[in-house]
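**Student:** So you can see what is in the structure, the chains are spelled out below.
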Amino acid sequence: MGKRAATCCKKVTAKKEYRSQPMAVPATLSTLVVLPFVAALLIAAFGGAQRWVHSGLAAAGSAIGLALILSVAGPVIGGDILSVSAPWVPAIGLDFSLMIDPLGLMFAGLIFGIGLLVVIFGHFYLADGEATGRFFASLMLFQGAMVGIVISGNILLLLTFWELTSLSSFLLIGFWRHRADARQGARMALAITGGGGLVLIAGMLMLGIVAGSFDLMTILQSGDIVRASPLYPVILILILIGCFTKSAQFPFHFWLPHAMAAPTPVSAYLHSATMVKAGVFLLARLWPVLAGTELYTGIVTSVGLFTMLFGAWAALFRHDLKGILAYSTISQLGLLVMLLGFSIEMAAVAAVLHILNHAAFKAALFMTAGIVDHETGTRDIRRLGGLAKAMPVTALIATIAAGAMAGIPPLGGFISKEMMLYETLEISLFGLPWLVPVVATVAAALSAGYSLRYAWQLFFGRPRDPEPQAKAHDPAAGMWISPAFLAVLAVLLGLAPMLIAAPLVTAVSSAVIGRAVPEVELALWHGVNTALVMSIIAVAAGVLMLWRHGTLLRLYEGVRHLDAKHLFERGLGMMDAAVRKAIMLVHRPSLQRMLFATFAVVALVMAEGAWIGGGSLTGTREGLPASPVAIFAWLLLIAATIAVLLNERQRFRVLIYISVIGLIITLGFIHLSAPDLALTQIAVEVVTILLLLLALNLLPKTPPVLSRPSRRWRDGMLAILGGLGIGGASWAMLTRDPGQTISSFHLANSYSGGGGKNVVNVILVDFRAFDTMGEIIVLGIAGLAIYALLDTTSRGTAGERLRTWQEDMPHSPESHPVMFVMATRILLPLVLAAGLFIFLRGHNEPGGGFVAALVVAIAFMVQYLASGFDWTDSRRRIGEHFLIAAGVLLAIATGLGSLLFGANFLTSAFGYFTLPLVGELELATALLFDLGVFAVVFGAVMQTLAQLSHISQRAARAHAARSRASSAENGA
Amino acid sequence: MSVATHLAIAPVVIPAIAAPLALLMMRRRRRVGVGISLLSCSAMLVAALTLLVLSMDGTIRTYAIGEWAAPFGIVLVVDRLSAIMLTLAASLSLIAMLHAVLTRTDRDGWHFHPLFQFQMLGLNGAFLTGDLFNLFVFFEVLLIASYGLMLHGQGPARLKAGIQYVIVNIVGSSLFLIALGLLYALTGTLNMADMGLQVAAIGPDDQGLLRVAALLLATVFAIKAALVPLHLWLPRTYAVTTPAVAALFAIMTKVGVYAMIRVVPLIFGDDAGAAAWAPAPYLMPIAILTAIVGFAGVFVARSLSEQAAYAIIGSTGTLMIAVSAWQVDSITAALYYLVHSTLSGAALFLVADVVARRRGSHVDHASPGPVFAHRQLAALLFMAATIATAGLPPLSGFIGKLMILQSVADIDGWAWGWTAILATTLIGVIGFARTGSAIFWKSEPAGDGPSLPLVARTDMVAPVIALLLLVALSAAAGPATAFMQDAAGQIMNSGATVRAVLEKG
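Chain order of the listed sequences is S and G. Letter by letter, the first sequence follows residues 1 to 972 in the numbering used here. Letter by letter, the second sequence follows residues 973 to 1477 in the numbering used here.
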């Protein structure tokens, strides 16, 4: 879908008057999304280039994106909503629709802005020899997906980008692929956030269905309909699961700390402004639709509150710098989620401000952690300390950022935390008005504790381990410039919030809430109020915690903690083991089981069909009187069938009984006046029995017992059921009058339309010649497959087995009896003549190409049997492959011939000619077709015969050679 | 009679000529034989695309073979659905054939090219015919040719799986024949459209028989489509066969789905008395079970080809969830997902081969081995193929799944269907992530064993083409779904088909 093909571009003026159109809105919006992907593609294309090419492309992409965002920032903050839409899959309401309002603008700005800083940082951070191409390409993919989420104007499109962030973060977290923790962390993040995304899909689809549209603007205006819908609770919970997994809320938080296996620039990006903020973004985005109900407030507030507390508590006792930051991120996200859960306008404002603050200080902190790691070689806070002397710049930056996180004035974090604490007083959770403020204060205290610990234990006090200390020094400016910028931002957000943040926060808050909020007042000093007291308590308690950290740590470590990762991995492992066992058990390659399933289903559907459909089993047709001969044949048939069952393991005997069954069926055809069928049946019978005899010669004469008696009973019962079903169906069919069938047309038109008096043959070569064409091809393919299968048996294991094959049947001492040889040689021309006769008369009397081919094949088979393979084979002129190929070609060519005369494929033509001596002769194109049939059938049978004989020959020769050798040995 | 009229027969005639020609040529002049085979695949694609374009006007074209009008002779029916299936089959054949030739696996045994062409003949015939017995015949062609292809290259694993494959499917053919016999006894006709008319006149005494026939027929199609519990033959068969053949086989289960979509609305629609929509109530639970079993297999399989085989089962289950609703929208979704899952299944088999050919004794097992040639590229291909197969954005699987979810939203049991589709997606993603990270991320230092094979990158051409087609299917999802919606409309409005088949000709 070309982005240029944008067909419509609408500009919604939300609250202010019509303003001057920003130029080329569709192009700007599309570029914003496309840009990162193009950058990723370019980086991948120049994968072998130097690092600065990769980082340069990534930086350029981010910078252009940021510039574009800034270029539209004025109008958007002013109240314009820019949008562009082109249909993608109209059938499901998925449009390529983009929209920028203040909320999207803020997030897109953060994504590009922090992205640019991270790219700069990453350029200097990554070691030589790292796959920078792969790194920056993945980073840009991720950036594109994130931008897509925040500026999608269609929720299905949003879902598309949502899952893309899961996929691209998988690549980023697993960047150091040789490390097991990176692989596990990546997989876990994918499973949790990707899985949450799938749940989100269900919720969003329902939301769209209830709202009647997948267009975001329409949905945002359908809040009342959605909240009134009986599906609302389901929709809410599904969407919340999606948001909570992405934003690492309890109990889905555990993937986040393990995502720290990623290179630090990735962590700085994913966990400050992007990935984890996607959940918060969506909560804010759908605030007008979902928020405001008791259910919403209850769930979102309590989950956020608990996560904030839990994350902060855990962060206090991490020793890995990134671990501290990971849990602090979880806690801070909890704070945001909680604020949005309050469903109060001013809480939403606080959330918006805190999103900005958190993005700034958290990215800076991750980068400083990265710098410390880079310069000292460790991230273990227990081995570090007093680094301020060795790396003053880093220390300054990190301390400012940590101060912001702790909520210490005059930094930005203080303002948003104060606002948060103020709003908690408005909320009564579970009917307890004190619960939220108290827990929030405790969490704030813990936050102050871990923030101060991060700064204090890292940079102040005395060094704890001389080794990392020795090499510590400030990095080159390229590495600290990014966090420094963010630290300045954190200061400005506190000192001059009205100047740099207020207009944006006001506009974004209005966008979140869905209507205009009054210009917000952001200031450090609000006078003495409860929030200030809570804030002071929190910071003081934080300092206390830092002072008594050792005691607290012993307390913490004295308690056994659940390792969520361990649980997850073990759960997955157990599931894998159980599922694998089940799958392997069910899919054991057992033919008996496959057939059992098939026949069981057949028995069930026949029973069900008969039961539900009803009707009678026996029809109304008059039966024929049973002659004694017929009864005898019937008894013989049953006896032979039982004999097959009883002699199941005596393969040769089974073959004899099967031939008896075939012969009786032939007799049945004759008895019921179907000479064509009888002729075909007997010919097929002879050929298959002969071929099977050859094949059985090499197989074990008595196969092993395959089933236990119990299984045999089970299978026997099923067989009886199946037999009853099929027998019943036959009975039902045979006792019914055929009624009006297409056969009557065939009977009436056989001579006039097909030029033949034998309707069966005309059906085969004319009315339904297409079927015949298919069937001869089946035979031809069988011939080819048998050749392909058996020609290679002289090699490999099969060849080995053939060479060691033991004769296990007594052989007549005379391998080629003279009488037999002579008789068959005299018989050959006679049978050939008969074959020709059967072939030619086929159109009018029983016969035809198929039967003729079988009869001729029998004549040849008998030659092989009587005179031996070598004698016969050396007198053969035409190859079987040629016969098959030529036969198919002839049949097709006959069919195509009619096209020359303007008729459809396989249209027949016929005429009568008088030849001297022979008399009147009919020539029909069908005869040519039949010749094709003849060639293929004959070729396929001879092919099979030749291949079976070949391997028998080989085996017999090997056997003979071995017995000669052994007798020679005995003789010596 | 113009060329366009006779075009309907081209997809059958082209491979039917190419197969014997290739057979004659292969023994002496290999290259000519290969050329014929490739040419035939291309010609089939051209013919199919032409038919696709022709079908856009909404006309249902019929072609009476031998000029015998329906219902007395056999007619071919070219509507949008057959055009879609023909195009899909031809595209896939070209991809599979290209891969076989480029990797030289076509030389691993006898008669690859003739068997391949015959297989295409069977597929195309099945997609074109309007006659139930003729469908049986083409099922036979398909089965026997696929058996030959399945054994290509041989080895004990293939022989063993092949026996099971062919026996189970021959049982299926016998059941087809029994169902056909019943239907012929009841309706006196073999033409599907005519049968659809005749079933309305069947008396109350015969309703049980009719329903039995309908359910038996559905069972046969379910065996072909590998629906649980009739899927047991598939995993091993597909996992052990030659990759190019397995890629072609990605469409084989879809033949069963196609037959179900073709036959049920036409013959067992509203007028079919006790047999009206007979399999419908069972399809949803079976489809859900199939999706779960398939993706559970993906989750636990230890090699890529095994995963690909289970993914075929799972995607058929997903597809059948949509089919089971029997509405225009759901059939639309099913058709889109059918095209997608065929291509993505094929791509996965081919990527598995790309990996296996480079890893020496580790083949495509999810075990860490030494770093192999073109690992990065192979990883990219694997990721794309698995994203498609699992149904994640931005490829067509995601769009297809969204469509299916929406289309079944208003039928009974939709919540089960939704849960199954989304849960199996996650299970699939985790499974693929695990094997992928084991093969492409984990590595072990090269030991003293034989050094890894050096393989040219030409074997990536075919999977890349398959993946590009998926990209195209995603980008052009709008027009594609619009076309498929029309196709589904034609299918569900059986009256139009009946008129076209029985009044023309």
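Because the hints were derived from the structure by calculation, they are not lab data. Mixed in with the good hints there might be a few duds.
To be verified - As a list, the in silico DSSO-like pairs of lysine-lysine whose alpha-carbon atoms are at most 30 angstroms apart:
| id | chain 1 | residue 1 | chain 2 | residue 2 |
| --- | --- | --- | --- | --- |
| 1 | S | Lys581 | S | Lys565 |
| 2 | G | Lys1414 | S | Lys565 |
| 3 | S | Lys701 | G | Lys1132 |
| 4 | G | Lys1132 | S | Lys389 |
| 5 | S | Lys471 | S | Lys389 |
| 6 | S | Lys581 | G | Lys1414 |
Bear in mind that the values here come from a model prediction, so they are computed numbers and not experimental data.
**Student:** Against the structure shown, which of the earlier numbered hints fail to hold, in ascending order?
**Tutor:** Violated hint (a single one): 4; every other hint is consistent with the structure.
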